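Those protein sequence lines, which keep their order, are chains W and U. Position 73, counted from 1, in the first sequence is what this note's numbering calls 474; the numbers after and before it change by one each time, with no gaps. Position 1, counted from 1, in the second sequence is what this note's numbering calls 54; the numbers after and before it change by one each time, with no gaps.
None of these hints come from the bench; they were simulated from the model. Being a predicted model, the structure only gives us computed values, none of them experimental. Incorrect hints may have been included.
In silico EDC-like links for lysine to aspartate or glutamate, alpha-carbon gap of 16 angstroms or less [what the hints assert, rightly or not]:
#, chain 1, residue 1, chain 2, residue 2
1, W, Lys-560, U, Asp-116
2, W, Lys-560, U, Asp-263
3, U, Lys-266, W, Asp-465
4, U, Lys-266, W, Glu-557
5, U, Lys-266, W, Glu-555
6, U, Lys-96, U, Asp-116
7, U, Lys-270, W, Asp-559
8, U, Lys-274, W, Glu-489
9, U, Lys-124, W, Glu-557
Residues from chain W that keep clear of chain U, each with C-beta distances beyond 10 angstroms, as calculated [said to hold, decoys possible]:
#, residue
10, Asn-430
11, Val-444
12, Ala-468
13, Ala-473
14, Leu-484
15, His-486
16, Gly-488
17, Asp-497
18, Arg-511
19, Ala-512
20, Gly-515
21, Gly-523
22, Leu-551
23, Lys-560
24, Leu-561
Here a beta-carbon is modelled for each residue, glycine too, at the ideal position from N, C-alpha and C.
Each chain, written out:
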Amino acid sequence: MAGAASWSFSESDFKQIQQHLLAFLRDSNARCALLVDRAGQLVATAGETPQFDATAFASLTAADFSANDQLAKMIGEHEFASLVHQGEKESMFLADVAKRVILVVLFDQRATLGLVKLKAKGAVEKLNKVFADMFNRVGAGPTAPEKGVLEGAEDEIDKLFG
Amino acid sequence: MSMINYASREINCKLVYYGPGLGGKTTNLEHIYSKVSPNTRGKMISLATETERTLFFDFLPVDLGTIRGFKTRFHLYTVPGQVYYNASRKLILKGVDGLVFVGDSQIERMEANVESMQNLYDNMSEYGYDLTKIPFIIQYNKRDLPNAAPVRDLQASLNPGWPIEDGAQQKVTADPSHPGENLVEKVNNQWIGRAPYLEAVAVRGDGVFDTLKTVSKLVLKTLS
Chain W
402 MAGAASWSFS ESDFKQIQQH LLAFLRDSNA RCALLVDRAG QLVATAGETP QFDATAFASL
462 TAADFSANDQ LAKMIGEHEF ASLVHQGEKE SMFLADVAKR VILVVLFDQR ATLGLVKLKA
522 KGAVEKLNKV FADMFNRVGA GPTAPEKGVL EGAEDEIDKL FG
Chain U
54 MSMINYASRE INCKLVYYGP GLGGKTTNLE HIYSKVSPNT RGKMISLATE TERTLFFDFL
114 PVDLGTIRGF KTRFHLYTVP GQVYYNASRK LILKGVDGLV FVGDSQIERM EANVESMQNL
174 YDNMSEYGYD LTKIPFIIQY NKRDLPNAAP VRDLQASLNP GWPIEDGAQQ KVTADPSHPG
234 ENLVEKVNNQ WIGRAPYLEA VAVRGDGVFD TLKTVSKLVL KTLS
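In isolation and in its complexed conformation, chain W is listed as follows (with noise of 0.2 angstroms):
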């Protein structure tokens, strides 16, 4: 495809991104970590499960991560890696994984925001590699594993419009 690369990732990438999520959250403490691709959608979560609508929330995350590039932009950095919203009980932490995916962190009162910090550097580390070794692993282009999955399906998709 011309326009944007697009990705996908195998039940092995998963499971090694849920191990690394989950080793963060039990040396952290926080309480859930998401992980949100950089056009909005919903990659993966672990711990609690959240509350609220995890679709809205991952587009709204994404907004939130390129509108403050753009701002660090504007005042002369090349980007804010990490970002830092405190709230009176409950607060989030956002750090870019491989420029391409936004590692979400939910902690309360249980967790320090420098423990979070601390630990989150780790996890961002860990997942850098996994999605590094999967885009490399695509190697002739970001499309290529997903070619085919829908070849032959036209009148699945006509049935889909009745």
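Position chain U against the provided structure of chain W, taking the given hints into account.
Just chain U now, with coordinates in the frame of chain W:
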């Protein structure tokens, strides 16, 4: 940036409604929101000003159903149409899989349409996306108004066609929605391609779902 999640067996695609201010982009989404069963759509998020002008974007996720065992979900976005919101408008285009340009048919809005279309080309090319190669359709909205320009004039201004250099694509392709018209044809010895277009009256819902269907099908076909 379509995303196929093999673990949860989901396909997610991003559609963006673009166009001049007050052209009916948000109205398109509102109509879809009101007509689609709550089971198959999520919450509609609108980041708007106090006067209900879109400030950042509107967002509506819609589940289309299952194809080959994959749950297919489209994320619909609108952009703010007003010229001075370009910075935030451009952000929404990131990772777009399909585009709908909602043109305002009123003669008085012709200049705003052209400016918005140019802005779309510019913003897409800044991301390195080629508008002529991704699913892209034009909706001429407000066809019911007495001051609506003829479709032929709108086509001439907004959809005049782009040159097609690839020999494999140089074949006459009929426009399935408009008998006697072609999406690809030879004009003055030059092969040109045009975006499919539809007419709509979004406040009444006319053409809204046809538009969504047309662009969704184009997007799903790029994945096959």
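The hints, checked one at a time:
1. Pair hint Lys-560(W) plus Asp-116(U) holds up; C-alpha atoms about 14 angstroms apart against a cutoff of 16 angstroms.
2. A hinted pair counts as satisfied when its Cα atoms are at most 16 angstroms apart, and Lys-560(W) with Asp-263(U) qualifies at roughly 14 angstroms.
3. For the given pair, Lys-266(U) sits about 30 angstroms from Asp-465(W) by alpha-carbon distance, which is inconsistent with the 16 angstroms threshold.
4. The straight-line distance between the Cα atoms of Lys-266(U) and Glu-557(W) is roughly 13 angstroms, inside the 16 angstroms bound, and the hint therefore holds.
5. Note on Lys-266(U) and Glu-555(W): the hinted pairing holds, with a Cα-Cα distance of about 13 angstroms set against a maximum of 16 angstroms.
6. Distance hint between Lys-96(U) and Asp-116(U) is fulfilled; the C-alpha atoms sit about 12 angstroms from each other, no more than 16 angstroms.
7. Of the supplied pair hints, the one linking Lys-270(U) and Asp-559(W) holds, its CA atoms being roughly 8 angstroms apart against a limit of 16 angstroms.
8. For the hint linking Lys-274(U) to Glu-489(W), the alpha-carbon distance of about 47 angstroms lies beyond 16 angstroms, and the restraint is violated.
9. With a C-alpha separation of about 12 angstroms, the suggested pair Lys-124(U) and Glu-557(W) falls inside the 16 angstroms cut-off, and the hint holds.
10. No Cβ of chain U approaches the Cβ of Asn-430(W) within 10 angstroms, the least distance being about 26 angstroms, so the stated non-interface status holds.
11. Distance to chain U contradicts Val-444(W) as a non-interface residue, since its nearest Cβ pair spans about 7 angstroms, not more than 10 angstroms.
12. Against chain U, the non-interface label of Ala-468(W) is violated: not every CB pair exceeds 10 angstroms, the least being about 6 angstroms.
13. At the 10 angstroms boundary, the C-beta of Ala-473(W) stays outside the reach of chain U, the nearest C-beta of that chain being 13 angstroms off.
14. Even its closest Cβ contact with chain U, about 15 angstroms, leaves Leu-484(W) beyond 10 angstroms, as expected for a residue assigned away from the interface.
15. Against chain U, the non-interface label of His-486(W) holds: every CB pair exceeds 10 angstroms, the least being about 16 angstroms.
16. No beta-carbon of chain U is positioned within 10 angstroms of the beta-carbon of Gly-488(W); the least distance is around 19 angstroms.
17. No Cβ of chain U approaches the Cβ of Asp-497(W) within 10 angstroms, the least distance being about 14 angstroms, so the stated non-interface status holds.
18. Once the 10 angstroms rule is applied to beta carbons, Arg-511(W) is consistent with being away from chain U; the minimum gap is 29 angstroms.
19. A cut-off of 10 angstroms between C-beta atoms confirms that Ala-512(W) is not in contact with chain U; the least separation is 27 angstroms.
20. No Cβ of chain U approaches the Cβ of Gly-515(W) within 10 angstroms, the least distance being about 31 angstroms, so the stated non-interface status holds.
21. Every CB of chain U lies more than 10 angstroms from the CB of Gly-523(W), the least distance being 24 angstroms, so the non-interface label holds.
22. Distance check on Leu-551(W): its Cβ comes as close as 4 angstroms (rounded) to a Cβ of chain U, failing to clear the 10 angstroms threshold; non-interface status is violated.
23. Distance check on Lys-560(W): its Cβ comes as close as 8 angstroms (rounded) to a Cβ of chain U, failing to clear the 10 angstroms threshold; non-interface status is violated.
24. Listed as a non-interface residue, Leu-561(W) fails to keep its Cβ farther than 10 angstroms from every Cβ of chain U; the least gap is roughly 5 angstroms.
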